[in-house]
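Engineer: What follows is the residue order along each chain.
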Amino acid sequence: MARRRYIQAINDALLEEMDRDPKVILFGEDVELAIFGDTRGLLDRFGRDRIRNTPICEATLTGMAVGAAAAGYRVVLHMMFSNFVYTGFDAIANQMAKLRLMTGGQLNLPITVLAGYGAGRSTGAQHSDTPYPLLMNLGGVNVLTPSTPADAKGLLKQAIRGENPSFFLEASGRGAESGEVPDEDYTVPFGQAAVLREGRDVTVVAIGHMVKPVLGVADELAERGVGVEVIDPRTLVPLDEESILRSVERTGRLVVVDEARDRCGAASHIAAVVADRAFPALKAPVKRVSVPNVAMPYAPSAESRVLPDADGVSKAVLGLVAP
Amino acid sequence: MARRRYIQAINDALLEEMDRDPKVILFGEDVELAIFGDTRGLLDRFGRDRIRNTPICEATLTGMAVGAAAAGYRVVLHMMFSNFVYTGFDAIANQMAKLRLMTGGQLNLPITVLAGYGAGRSTGAQHSDTPYPLLMNLGGVNVLTPSTPADAKGLLKQAIRGENPSFFLEASGRGAESGEVPDEDYTVPFGQAAVLREGRDVTVVAIGHMVKPVLGVADELAERGVGVEVIDPRTLVPLDEESILRSVERTGRLVVVDEARDRCGAASHIAAVVADRAFPALKAPVKRVSVPNVAMPYAPSAESRVLPDADGVSKAVLGLVAP
Amino acid sequence: MPTTEQLLSMYERMLLIRRMEERLSADYAAGKLPGAVHLYIGQEAVAVGVCAQLTDRDWITSTHRGHGHFLAKGGDPKAMMAEIWGKRTGICRGMGGSMHVADLSKGILGANGIVAGGIAIATGAAFGARLDGDGRVAVAFFGDGAANQGVFMETLNVSTLWGLPVVFLCEYNHFCEFTPSETVTAGQISDRARAFGMPCAVVDGNDVVEVWRAAGEAVERARGGGGPSFIEAKTYRIQGHLEAEAVILDGKYREEAEIEEWRRRDPIDRLREHLSAAGACDDDGFAEIESRVSGAVEEAAAFAAEGEPADPELAFDLMFVGQRP
Amino acid sequence: MPTTEQLLSMYERMLLIRRMEERLSADYAAGKLPGAVHLYIGQEAVAVGVCAQLTDRDWITSTHRGHGHFLAKGGDPKAMMAEIWGKRTGICRGMGGSMHVADLSKGILGANGIVAGGIAIATGAAFGARLDGDGRVAVAFFGDGAANQGVFMETLNVSTLWGLPVVFLCEYNHFCEFTPSETVTAGQISDRARAFGMPCAVVDGNDVVEVWRAAGEAVERARGGGGPSFIEAKTYRIQGHLEAEAVILDGKYREEAEIEEWRRRDPIDRLREHLSAAGACDDDGFAEIESRVSGAVEEAAAFAAEGEPADPELAFDLMFVGQRP
Ligand SMILES: Cc1ncc(C[n+]2csc(CCOP(=O)(O)OP(=O)(O)O)c2C)c(N)n1
Ligand SMILES: Cc1ncc(C[n+]2csc(CCOP(=O)(O)OP(=O)(O)O)c2C)c(N)n1
Ligand SMILES: [Mg+2]
Ligand SMILES: [Mg+2]
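Protein chains in written order, with the working numbering: chain C, 60 to 382; chain R, 60 to 382; chain U, 81 to 405; chain F, 81 to 405.
These aren't lab readings, by the way, just hints derived from the structure by calculation.
Ideal placement from N, C-alpha and C gives every residue a C-beta, glycine not left out.
Please note that the accuracy of each hint is not assured.
[Stated by the list, open to error] Examples of chain R residues toward chain F, derived with CB under 7 Å:
(1) L102
(2) G106
(3) D108
(4) G122
(5) V125
(6) Y132
(7) M161
(8) N167
(9) E222
(10) T246
(11) P359
(12) S360
(13) S363
(14) L366
Work out the full structure, taking the sequences as your base and the hints as a guide.
Structural biologist: Quick look at the structure:
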């Protein structure tokens with residue numbers, strides 16, 4: 060095990076996978092110089108055939124990803140910030156997510172789309188969306204939200220080796236956080252949640268960015284005698300419903316903490332799955348701690364008001380155990 | 060009251076609102092000839108300044124809607140099929156849904172976007188999406204899903220007179236269905252669900268297209284002694300949570316019937332709201348009857364397999380009352 | 081100039097497209113086809129002239145009006161017909177339908193229900209070909225309406241910059257649905273491509289030889305590493321935008337006389353006259369071709385009619401490789 | 081040729097933009113600004129030359145690099161500064177930030193964090209102006225990078241067809257973030273506009289008089305019902321793409337010598353020399369302007385520093401008119 064920063068782990072995964080398979084190519088706007096850090100060193104190592112700056116034209120980039128995949132390449136498309144996914148949304152929603160079905164299974168689409176998501180750094184409404192609910196609803200694309208360097212590396216490697224389109228969402232502003240990363244070659248399989256902490260009173264499902272503050276809350280509440288079980292789904296598509304259900308069957312209580320807007324968000328979906336499939340076990344209302352249905356305000360004072368925080372999580376959990 | 064077809068009611072609303080307010084303009088691809096029927100007669104009556112065919116360029120059309128609204132017009136943008144909303148998604152998700160906040164409230168956006176949605180006529184995956192979950196998650200746009208001619212007319216008039224961006228989703232292939240429409244000038248307010256049928260055993264929330272088959276099921280089950288309360292939210296943003304909660308508080312049971320894909324769908328969201336806010340009243344799991352997470356297959360045999368139908372609704376309801 | 085053999089082969093292919101679509105038109109009217117159908121009648125010379133320059137290893141992307149491209153590129157008539165009927169024997173197992181016929185084994189990356197949806201896909205495939213350096217070419221077929229979508233200009237830029245082996249093939253058939261194309265098109269479409277420094281040709285799309293020649297130059301350039309080209313083929317959509325148009329449309333958007341005028345320039349008739357005049361084929365010969373073609377159409381129709389309806393469970397298997405949706 | 085008075089006014093406005101941004105640069109480095117900041121230093125002649133041809137009733141749309149356009153169009157320096165500080169006294173009440181400064185009362189439809197996001201908005205406003213027929217004009221400012229987005233070409237098409245009073249103002253500042261523009265731009269951007277039949281001008285963007293003249297022609301044409309125009313202003317981004325670039329960037333994308341060369345063509349220095357040579361202003365006069373400007377900057381900075389942080393509840397009120405989100 061070595062300590063790596065989140066962004067280094069991503070960089071390592073890209074380097075290793077591009078080394079491993081000459082069919083892996085990466086393109087996007089400003090990928091040659093590594094402003095996020097994730098593409099560092101790739102140009103020197105692999106040259107411009109395999110990593111390449113593009114013009115600013117997201118609609119074309121997403122479409123080209125499909126075409127290059129059809130031509131036998133494993134495409135990594137870097138879209139910088141999640142909001143630019145909307146600019147290239149047609150080929151995502153109408154092509155990438157549908158083409159395998161529409162061609163009767165003739166076409167595999169080994170495409171990994173990278174994009175930073177999330178708020179908290181006053182980047183304003185057009186640079187801080189959390190877009191996974193929209194992607195989850197498309198049906199045809201995987202959605203990965205790693206919260207640790209180890210998961211980031213393993214999920215990214217899995218995505219690149221896989222045959223299906225996957226959105227690998229990097230938690231913006233988390234690049235510097237570090238964690239232990241296995242030394243050997245490994246992948247993290249999709250659809251397997253991680254139970255990060257056990258607890259018998261309340262299950263808290265925390266997604267991406269939200270995992271860290273939730274673990275803090277769990278520590279704190281443990282001292283006050285409340286056992287919080289923390290589950291990180293790691294991938295939202297596919298979603299490991301069973302792990303969540305199993306936990307709720309024991310605790311009888313669920314809080315979902317989600318940095319996406321609330322309406323039709325990931326929290327809503329997980330809550331709905333539990334209200335359907337674990338109903339007999341439920342002892343209390345299913346709670347969502349999420350972002351209200353607003354565009355992200357710029358000023359720190361207003362931005363922090365709408366982002367889920369430790370306090371909000373703590374209150375939600377305590378509201379369930381001591382009503 | 061007069062009997063009008065669904066599409067006529069929409070056409071009536073457009074005619075009346077364009078008559079009423081010279082600032083109402085309508086543009087889109089092929090709006091001058093009325094292939095859907097909803098824009099019939101508008102060109103003759105109002106001329107090309109107020110209704111106009113555009114080139115095929117959805118990214119520009121959605122952006123222009125914002126600009127024309129900023130210039131003081133009330134814009135009706137016809138986008139034909141919902142899937143083309145994705146082609147123009149940038150200006151929807153990054154501009155329309157965010158600009159009022161980002162400008163500190165300086166800009167009002169009286170924009171009504173029309174689009175047909177839904178499957179059932181073998182139009183294939185790229186012409187039959189039900190996109191409201193994505194729109195609901197944006198936060199900044201209203202979402203209207205009228206199920207009757209009267210609601211279609213009243214909601215459309217309300218949208219055109221309003222100051223906020225609204226997506227008016229027409230149920231594709233339902234244009235010929237008719238219903239009673241009030242003779243006088245009226246609007247239907249947003250955020251007020253319609254309780255279409257009372258019943259004390261199970262609440263069924265049915266959206267758009269799904270209302271009609273659900274009413275059929277309710278009739279049938281009534282004969283078998285099962286009282287189904289049918290609620291049509293009519294608008295998904297804003298959502299009339301109170302009417303739904305009030306009903307579930309009486310029945311203790313909920314099925315949501317939704318033509319959108321299941322993951323992060325409207326059904327999930329409504330289920331989540333109820334599992335949170337009406338938990339003590341719940342006597343049974345909250346059920347969703349929705350579309351599996353697939354692209355819409357073309358062949359009728361495969362398309363009907365994935366669409367919610369009366370049988371599925373009936374089973375879901377009966378599953379709750381006679382477990 | 082194509083050889084006589086090549087001309088005859090193109091003639092037969094054009095006729096096959098025409099007769100297949102006439103059959104589809106009749107089948108649609110008879111209520112046998114589940115979805116919408118957009119016919120290519122009158123434009124056959126474009127698909128056939130271009131695809132005659134391609135091999136199975138080259139790619140094409142097509143449009144909502146894609147039967148002609150599919151058949152011209154060597155797609156199987158039976159499997160196409162069955163697809164449109166929604167049968168499990170269809171080329172996409174009934175999952176795609178008329179607007180999405182695709183055959184990867186023939187390099188047909190698919191018809192596309194999104195206007196201009198195929199252009200970036202072809203560009204991406206051409207990027208792959210460029211990296212492989214094996215001389216493969218991608219052709220993006222699209223309509224004049226699609227040329228107003230921004231993605232068209234974006235791909236002109238990228239493909240020029242990167243020297244991609246892609247041919248942009250714009251079929252100017254005078255309409256975008258019910259909108260006359262000139263009312264939504266500023267300037268000449270070819271000038272848009274020229275602005276990027278791309279070699280351009282504007283050809284009579286109802287003259288298969290002219291199309292073939294221009295496509296040959298463009299394809300050769302692409303294969304040789306000379307980068308992208310643009311071709312505009314002027315032609316005319318004889319049928320309605322979609323079958324059923326007459327029933328659902330409130331209003332009229334073109335004159336019968338205009339259609340008649342273009343019927344007189346029918347690309348199949350013109351090639352036939354040319355072949356006759358050149359003594360390359362006589363009435364017996366044409367009758368033989370006609371009978372081969374109608375045999376193929378009959379066979380396709382029978383195959384489609386006999387097929388089982390598409391598997392209702394298939395959608396669940398096909399969304400992902402090795403993963404349930 | 082502008083009058084001396086006009087030239088002096090443009091000089092002062094350019095200097096105001098420069099000094100405001102130098103202050104922002106320092107404030108950013110000092111950790112006082114919450115979000116990212118993209119500076120316009122070196123490009124001031126473009127915004128000022130163009131906006132000098134506009135009235136408050138005309139519209140502009142801007143980019144992520146929008147302070148210059150905002151101030152040139154008459155936006156209030158205090159309210160802009162407070163916005164960037166995230167204060168409730170900001171022009172957007174702290175909700176927008178640097179990338180979204182807007183002042184509807186001055187026709188500033190907003191900076192925009194989406195590359196090319198403003199172009200269609202300007203086109204839509206111009207459509208409104210055309211319907212009103214009251215001579216208003218919309219100017220879309222955008223970068224050379226934005227000119228590769230399809231929406232640019234789409235709006236060229238629509239605006240030409242409909243004769244809209246819009247001016248497309250492309251600032252060729254040689255970079256798209258860290259990518260040299262010529263590596264992502266095929267051909268001349270102006271040829272793209274020319275392909276639609278649009279009047280085009282390519283000007284020295286560091287010469288405010290040249291910009292002013294070209295903008296004047298385009299604006300006059302638009303006001304008179306003559307439709308859209310395209311102007312490309314060649315200029316250079318002196319600062320990094322964003323403040324903090326030096327800290328976060330792994331690698332180098334331009335030479336110091338190149339920056340130096342462009343510093344020698346500084347648009348403010350050039351206008352100053354011109355004014356001096358023409359005897360329109362002497363050192364005392366320039367000192368007076370400098371002091372007025374620095375007074376305004378100080379005032380803006382103080383105003384920003386003093387303001388209350390943005391109202392945390394405001395987002396809930398502002399999403400919709402008369403409706404909670
Ligand atoms: C993105 C998108 N917008 C709109 C449509 C609806 N539509 C289908 S065909 C068509 C006209 C296409 O015109 P053109 O590209 O010239 O092709 P043609 O039909 O003439 O072959 C339109 C607007 C669509 N399918 N996709
Ligand atoms: C749709 C979109 N894609 C990518 C970005 C990231 N981005 C911000 S600025 C920029 C470069 C813009 O270049 P240009 O248009 O020339 O403007 P300049 O920065 O030179 O003023 C990019 C790629 C963005 N903001 N929006
Ligand atoms: Mg056409
Ligand atoms: Mg630039």
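Engineer: Against chain F, run the beta carbon of L102/R and see if the smallest gap drops under 7 Å.
Structural biologist: This hint is violated: L102/R lies away from chain F, its Cβ roughly 16 Å from the closest one there, beyond 7 Å.
Engineer: Against chain F, with CB atoms and a cut of 7 Å, does the hint on V125/R hold up?
Structural biologist: Holds, because the Cβ-Cβ distance from V125/R to chain F comes to roughly 5 Å (cut-off 7 Å).
Engineer: Please verify that hint: N167/R, Cβ, nearest Cβ of chain F, below 7 Å or not.
Structural biologist: Status holds, d = 6 Å.
Engineer: Just to be careful: measuring from the Cβ of M161/R to every Cβ in chain F, is the smallest value less than 7 Å?
Structural biologist: It holds, given that the least Cβ distance between M161/R and chain F is near 4 Å, below 7 Å.
Engineer: Hint L366/R vs chain F: min CB-CB distance below 7 Å?
Structural biologist: violated, 31 Å
Engineer: Are Y132/R and chain F close enough, Cβ to Cβ, to be under 7 Å, as the hint says?
Structural biologist: With a closest approach of 5 Å, the Y132/R hint holds.
Engineer: For the restraint on S363/R, tell me whether the closest CB of chain F is nearer than 7 Å.
Structural biologist: violated, 37 Å
Engineer: Next item in the hint list is E222/R. Is there a CB on chain F closer than 7 Å to its CB?
Structural biologist: holds, 4 Å
Engineer: Next item in the hint list is G106/R. Is there a CB on chain F closer than 7 Å to its CB?
Structural biologist: violated, 11 Å
Engineer: Please check whether D108/R passes as an interface residue: C-beta within 7 Å of a C-beta belonging to chain F.
Structural biologist: Hint on D108/R: holds, closest Cβ of chain F at ~6 Å, below 7 Å.
Engineer: Classify the hint on P359/R as holds or violated, based on whether any CB of chain F lies nearer than 7 Å to its CB.
Structural biologist: Check failed: Cβ of P359/R comes no nearer than 36 Å to chain F, outside 7 Å.
Engineer: Quick check on T246/R please, does its C-beta sit within 7 Å of some C-beta on chain F?
Structural biologist: violated, 14 Å
Figure legend: structure checked against the earlier numbered hints; hints not met, in rising order: 1, 2, 10, 11, 12, 13, 14.
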